[in-house]
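Protein chains: 2
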Amino acid sequence: MPNPTAAMLVIGDEILSGRTRDANMHFLAGELVKRGIDLIEVRIVSDSGDAIVAAVNDLRASVDHVFTSGGIGPTHDDITADNIARAFGDTIDVRDDARDLLAAHYARTGAEFNEARKRMARIPSTATLIENPVSIAPGFTIGNVHVMAGVPNVFQAMVASVLPGLTGGAPLLSQSYRIERGEGQVAAPLGALAAEYPDLTMGSYPFNRNGSYGTNIVIRGTDGARIDAAMTKLAALFPADSAA
Amino acid sequence: MPNPTAAMLVIGDEILSGRTRDANMHFLAGELVKRGIDLIEVRIVSDSGDAIVAAVNDLRASVDHVFTSGGIGPTHDDITADNIARAFGDTIDVRDDARDLLAAHYARTGAEFNEARKRMARIPSTATLIENPVSIAPGFTIGNVHVMAGVPNVFQAMVASVLPGLTGGAPLLSQSYRIERGEGQVAAPLGALAAEYPDLTMGSYPFNRNGSYGTNIVIRGTDGARIDAAMTKLAALFPADSAA
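Protein chains in written order, with the working numbering: chain U, 1 to 244; chain C, 1 to 244.
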């Protein structure tokens with residue numbers, strides 16, 4: 001049986017404007033590999049309601065799970081929750097369960113539970129909450145879409161809340177091998193080896209820095225013995241090189 | 001007149017599998033901001049022909065310029081050029097102009113111009129070449145799609161070849177301000193300020209590390225005087241804080 005598939009939707013102007021680098025994508029990709037869920041696409045869209053609705057509806061129809069990050073805080077530019085509700089044709093309002101969590105949190109910390117903070121309790125009517133042990137304000141799951149915060153430590157905590165509940169597949173294993181030759185010399189034998197192992201993927205990643213150049217080969221698959229066998233043949237093809 | 005719009009398509013399994021972090025996106029975003037071209041979407045897809053065709057056709061219909069990175073090298077997993085041709089309904093083969101560039105390069109370096117390396121001269125019939133001063137193998141532009149290498153220093157060189165030929169708009173300017181308070185306290189005054197300056201965008205980015213937390217506000221727009229004015233008001237609203 002093929003592994004379940006996933007897509008990620010990153011919401012926010014800050015990456016598209018070059019201000020910050022996304023960290024959540026790399027984290028989620030690593031967690032999904034371990035869980036045997038194949039991340040097949042990532043999209044990054046701006047803080048635009050129409051862009052969010054279009055991307056969510058496109059992605060949720062094409063993969064088993066969609067993970068979103070960003071746009072669920074208390075400020076005017078946090079428009080993710082409302083637009084996810086719109087994408088699903090669901091209603092959204094401050095919901096008792098989320099409001100109770102936040103009210104208790106602010107009662108403990110002594111901070112005012114003001115109108116802006118109440119916005120973080122806006123949850124679509126058919127969604128279930130995703131626990132946030134870091135800063136309490138919950139994410140939510142609606143259909144096959146998991147809506148999470150963009151702040152990295154909160155995003156990571158929410159992923160940890162969501163993943164154990166999802167059916168995984170066979171974890172993707174990989175081994176890499178560094179060859180001190182350009183891709184142009186590696187290509188033909190590598191292509192023949194890849195054809196011999198259609199159940200594995202063999203990625204070729206040239207590098208070129210500090211005057212040194214070469215090729216990293218990454219062999220991926222779900223059967224460790226097959227990867228071992230292919231890696232042994234690869235090393236025999238390029239014996240002068242050392243494993244990375 | 002609104003700025004031209006752009007999208008980026010990153011092609012390759014290595015990011016989706018969590019093996020590497022993308023560097024090209026951050027670079028391109030910064031260059032486009034300077035040029036006054038608005039990057040409104042990024043997609044990352046795997047080394048799948050159908051995924052490439054679908055994404056390119058979707059994006060090129062919705063923005064002024066599409067920039068792709070990855071998948072134009074000599075190995076079996078480099079399938080971008082063929083699938084871009086397919087997306088445009090164009091034919092593709094080894095083209096004389098690209099082959100001549102590569103033949104001269106390998107004659108100079110003494111390396112064999114073998115079959116794998118000839119694959120890098122496969123260019124769609126209606127495309128124009130993008131110069132690659134780093135490693136010679138060219139990218140290409142077809143319609144409004146600019147197809148470039150994934151290796152960061154080559155990608156950057158190709159972007160430098162392409163951008164001067166594109167019509168830009170008003171460069172996006174930004175100023176940021178760091179507030180040592182949570183978003184929940186900042187939200188209401190910030191929202192009112194944002195409503196007062198509909199021509200600017202005000203992004204709110206909470207941070208939370210090493211026990212310190214607060215909010216970075218980024219005000220963006222094309223009119224520096226307007227940004228100055230809004231920033232002055234923001235600083236007056238949160239006077240105890242220092243500019244970042």
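Treat the hints with caution; some may be incorrect.
[As the list claims (entries may be wrong)] FRET-style restraints, in silico, Cβ to Cβ:
1. U:Asn114 / C:Ala235: 20 to 26 Å
2. U:Gly143 / C:Glu180: 37 to 43 Å
3. C:Arg178 / U:Asp50: 30 to 36 Å
4. C:His105 / U:Ala225: 30 to 36 Å
[What the hints assert, rightly or not] Computed list of lysine-lysine pairs in DSS-like fashion (alpha-carbon distance at most 27 Å, straight line):
5. C:Lys233 / C:Lys34
6. U:Lys233 / U:Lys34
7. U:Lys233 / C:Lys118
8. U:Lys118 / C:Lys118
Just so you know, these hints were derived from the structure itself, not from any lab. Don't be surprised by glycine CBs; every beta carbon is placed ideally from N, CA and C.
Taking the hints in turn, this is what the structure says about them:
1. Checked against the given bound of 20 to 26 Å, the beta carbons of Asn114 of chain U and Ala235 of chain C, roughly 22 Å apart, stay inside it.
2. Checked against the hint of 37 to 43 Å, the C-beta distance between Gly143 of chain U and Glu180 of chain C comes to roughly 39 Å, which is consistent with it.
3. Against the hinted window of 30 to 36 Å, the Cβ-Cβ separation of Arg178 of chain C and Asp50 of chain U comes to about 31 Å, which satisfies the hint.
4. Separated by about 42 Å at the C-beta atoms, His105 of chain C and Ala225 of chain U break the suggested range of 30 to 36 Å.
5. Note on Lys233 of chain C and Lys34 of chain C: the hinted pairing holds, with a Cα-Cα distance of about 26 Å set against a maximum of 27 Å.
6. For the hint linking Lys233 of chain U to Lys34 of chain U, the alpha-carbon distance of about 26 Å falls within 27 Å, and the restraint holds.
7. Between Lys233 of chain U and Lys118 of chain C, the direct Cα distance comes to roughly 25 Å. Compliance with the 27 Å bound is thereby established for this hinted pair.
8. Distance restraint check for Lys118 of chain U and Lys118 of chain C: the Cα-Cα separation of roughly 61 Å exceeds the 27 Å cut-off, and the hinted pair is therefore not satisfied.
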